[in-house]
Structure formats: structure tokens, C-alpha cells
Amino acid sequence: MSDTPPPLVLAEALTKTHHGEGAPAHAVRGVDLTVRRGEFVAVTGPSGAGKSTLLHLLGGLQKPDSGALCLDGESTDGWGEARWAVERRTRIGVVFQFFNLVSDLSVADNVELPALLAGTAPRQARARRAELLTELGMNGKERNMPGELSGGEQQRVALARALVNQPDLLLADEPAGSLDSRGTREVMRLLTRFHGRGQTIVLVTHDARLATAADRVISFFDGRVADDVELDAGPLRATGASGVLELRD
Amino acid sequence: MRLPLLALLARGPAHGYELKQDLEQLLGAAYPQPNVGQIYVTLGRLDKSGLIEGEEIEQSSRPNKKIYRLTDAGREALAAWFEETSEEPRVRDEFFMKLALAPRTGLADQIALINRQRRQYLNTMRTLSKLAAEDRDNRISALLIEGAMLHLQADLDWLERCQEELEEQQ
Numbered sequence: 001m002s003d004t005p006p007p008l009v010l011a012e013a014l015t016k017t018h019h020g021e022g023a024p025a026h027a028v029r030g031v032d033l034t035v036r037r038g039e040f041v042a043v044t045g046p047s048g049a050g051k052s053t054l055l056h057l058l059g060g061l062q063k064p065d066s067g068a069l070c071l072d073g074e075s076t077d078g079w080g081e082a083r084w085a086v087e088r089r090t091r092i093g094v095v096f097q098f099f100n101l102v103s104d105l106s107v108a109d110n111v112e113l114p115a116l117l118a119g120t121a122p123r124q125a126r127a128r129r130a131e132l133l134t135e136l137g138m139n140g141k142e143r144n145m146p147g148e149l150s151g152g153e154q155q156r157v158a159l160a161r162a163l164v165n166q167p168d169l170l171l172a173d174e175p176a177g178s179l180d181s182r183g184t185r186e187v188m189r190l191l192t193r194f195h196g197r198g199q200t201i202v203l204v205t206h207d208a209r210l211a212t213a214a215d216r217v218i219s220f221f222d223g224r225v226a227d228d229v230e231l232d233a234g235p236l237r238a239t240g241a242s243g244v245l246e247l248r249d
Numbered sequence: 001m002r003l004p005l006l007a008l009l010a011r012g013p014a015h016g017y018e019l020k021q022d023l024e025q026l027l028g029a030a031y032p033q034p035n036v037g038q039i040y041v042t043l044g045r046l047d048k049s050g051l052i053e054g055e056e057i058e059q060s061s062r063p064n065k066k067i068y069r070l071t072d073a074g075r076e077a078l079a080a081w082f083e084e085t086s087e088e089p090r091v092r093d094e095f096f097m098k099l100a101l102a103p104r105t106g107l108a109d110q111i112a113l114i115n116r117q118r119r120q121y122l123n124t125m126r127t128l129s130k131l132a133a134e135d136r137d138n139r140i141s142a143l144l145i146e147g148a149m150l151h152l153q154a155d156l157d158w159l160e161r162c163q164e165e166l167e168e169q170q
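Going line by line, the protein sequences match chains R and S.
The first sequence begins at 1 in the working numbering and counts up one residue at a time.
The second sequence begins at 1 in the working numbering and counts up one residue at a time.
This list has only true hints and no planted wrong ones.
Distance ranges between label pairs, derived from CB positions:
#, chain 1, residue 1, chain 2, residue 2, range
1, R, Glu230, S, Ile57, 51 to 57 Å
2, R, Gly137, S, Pro89, 31 to 37 Å
3, S, Leu143, R, Gly137, 22 to 28 Å
4, S, His151, R, Ala85, 41 to 47 Å
5, R, Pro122, S, Ala29, 45 to 51 Å
6, R, Asp232, S, Val36, 30 to 36 Å
7, S, Gln38, R, Ala13, 54 to 60 Å
8, R, Thr134, S, Gln38, 45 to 51 Å
9, S, Asp47, R, Gly38, 57 to 63 Å
10, R, Asp232, S, Asp109, 21 to 27 Å
11, S, Arg161, R, Glu12, 27 to 33 Å
12, R, Glu230, S, Pro103, 25 to 31 Å
13, S, Ser60, R, Thr134, 58 to 64 Å
14, R, Asp109, S, Trp158, 44 to 50 Å
These aren't lab readings, by the way, just hints derived from the structure by calculation.
Virtual Cβ for every residue (Gly too), placed ideally from N, Cα, C.
Chain R extracted, bound-state conformation (with noise of 0.2 Å):
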């Protein structure tokens, strides 16, 4: 046996197919992938690649045909909606693309509410509540309700929520989706800046720009893994970035 700790995510052979009108959608056909503790992975393909259904299923918001997923080396096996459910307000946070916040509740109210329901401390979860919407920038929105904000705003309370509750893992599905070119940036601000302290990052996205923001960037075509790449950002004037950047006479 070796110290290695298990990594938190663990998938082998994965399988999804959606069965609605018309032919079957094969979504996710046999998937591996690993995550370990403090990596930040970006998954992208063109839309209707399955990408979606592969956060799906690692955040138990789907179920897979077949296949194991093992989180933290505990196995999801015979894991039923309630287990689940437990998990995504503990170990797994999720933001999705329309922030699904709850519109009849206050910002505080909406970041607080999943503490609560994890058996935190009313005083404690008001103390991390207000820690992290600082650290949002979004202090003196406290009192707003949802559609009082901009999207870029909503989804910055969206990501409060669900880093609340200190999960382990952050599955994030196009978080940016529905945000301007400013919103984008502001996600992968602060992305990056929840990363650079160890938060495990799943992010979902057709974005290349916001994927770039990832270690590792994995390219998902027709419901397999196309490609795994570990990224790196190399110096500042490597003849790509230089070259793309020069004006041309």
C-alpha cells in the first residue's frame, strides 16, 4: 500500500445515454478521468458533446448507465437522491449557468440557506456568509434580492453559495454562459484566485478563454475524452503569445 491519497475523483468507464424523442443520445460512452485534490480541470467540446452530462453525473445529478465513480475513495455505488443531496451541500459544490438562486430570497439569505441546512451555526454561517460576499465584492448587496443584480452579480452569489459550505469540490457547469465579456473575466478572476488556495475546480465550458484558466484542459467530442492536456502557461514572451500579438506592417 502506498501514502498516495485517493483522488477525489475518480471515474472509469462511465456511460450515459439520454432516451427521449427520436434515437437514443449517446451522452457519455465509457469515460475515464481522474481528478486529484487542488487540480483545476476545464472540460470543452462543441455543444451536444456530453460534457454537461459528464458534470452531471460526477455532482449525482444524474445517475450513469453503467460504470464507477468512487469520490475521495469512497465509492458512489447504491449512493441514492438523499445521499446525493447531502453531498452537494457538504463535499461538492455546484454553480450552473443560470446561477438558479432562490429569486424569493435575499443574497444573504441564498448564501446562508445551504449552511443552515448543513447543520452549521446560525452565527457561524452569517460569519462565512459575509466572508465570502466581501471577498466577492459584493458587500452592501446583502439585502438585495436576485433580480435586483446583474447576471455577472448573480452568478458571483451563485459561487458564494456554493463555496459555503467548504466543499472539496467545486463542479461548475458553463458558469459563464449567459455573461457578457466582462462577466467572463470576472469568473475566471475569481476562479483562479478560489484555485490558487486548493479549491478542486471541475469547470464546464465552450468557452477556450475561460478554459485556459484550468491546469488541465480535457477536449470532449461525441461523449469521449479526445484529448487531456496539462497546461502550461510558459514565459511571457514564448514565440506564441508574442507572435499573435504582433502588429504586421
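Starting from the known structure of chain R, fit chain S onto it as the hints suggest.
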């Protein structure tokens, strides 16, 4: 480099090193700066073609320096430059040729070519993201980096289309 130098001289006479500094300040650290030698050579050519005029200034303790100013012909050339629109960027010709020709040679796999090219683009994109984060104070420079990132994004999208199309065939 010719027309940017003319443009810098439109404000008033300057010597070579000043022009280099002006350019650096305007475009920021991200832009790969021309070396001072390139600038002197270009100034020499512009002088010869009558677009600028150089004048030797004597300096007591150092070698003479040459101050350049824009001529009327130079001003006209500059106005014409601003008047015309610029060419569109082009698809990466060389990669496209490799992709198109690979199957006939039996020497390379198209999907492997795409994957390799994408790795390079992704790494460059990451470098640009870092540059963008570091160089936020200079707005002109930030726009240049953003432009480069958007072009690269388009190239990545195009690779994705190629891959979808070619994987379907296989």
C-alpha cells in the same frame, strides 16, 4: 514599422530612442517591442524616401543625435494610411494545408494534427490570459491582448468544427 513611426512623429520632432519609448508606453509590456536598431534602420529609409527629415544635433559630451520631423509627403502618406481599411485576418494557411494533405501522405493523422495544434493554441491562450491579468492598467494594451484572444478563440472554434466533421466521417 514605417507608418507607426510616421504617426508618432505627427505630434512633433523626436529622435530614435524617444520613439522607441513612446511606442513602449503606448502599447504596453505585452506587445513585443522592436529593438532600437530596427527603429534606426526604418528611420533611415523613411528619410531617404523623403517622408521624414533628419537633422544632426551636436551634443557636447556624447555623440551627435539625429532629430527627425515629418515632411509634407510624410503627412500625406500618413493620412492615406488612416484613410484605407486594413486587410482581414486569414485562416492559418499552413495548418490548413497540413490538414488537407495529411490523408494522401499516410504520414499523419488528421485528428492527431488537430489535437496537437489545439494544445499549442490553449497554451498560448493561457499565456495571454496571464498577460491580460498583469497588464490591466494600459487600456490600449488590454485591447490588443483581448483581440489576440478573440482571434485565437476563433481558431479554436474552427479546430473544433474540423474535428466534429472529420470524426463523423471516420
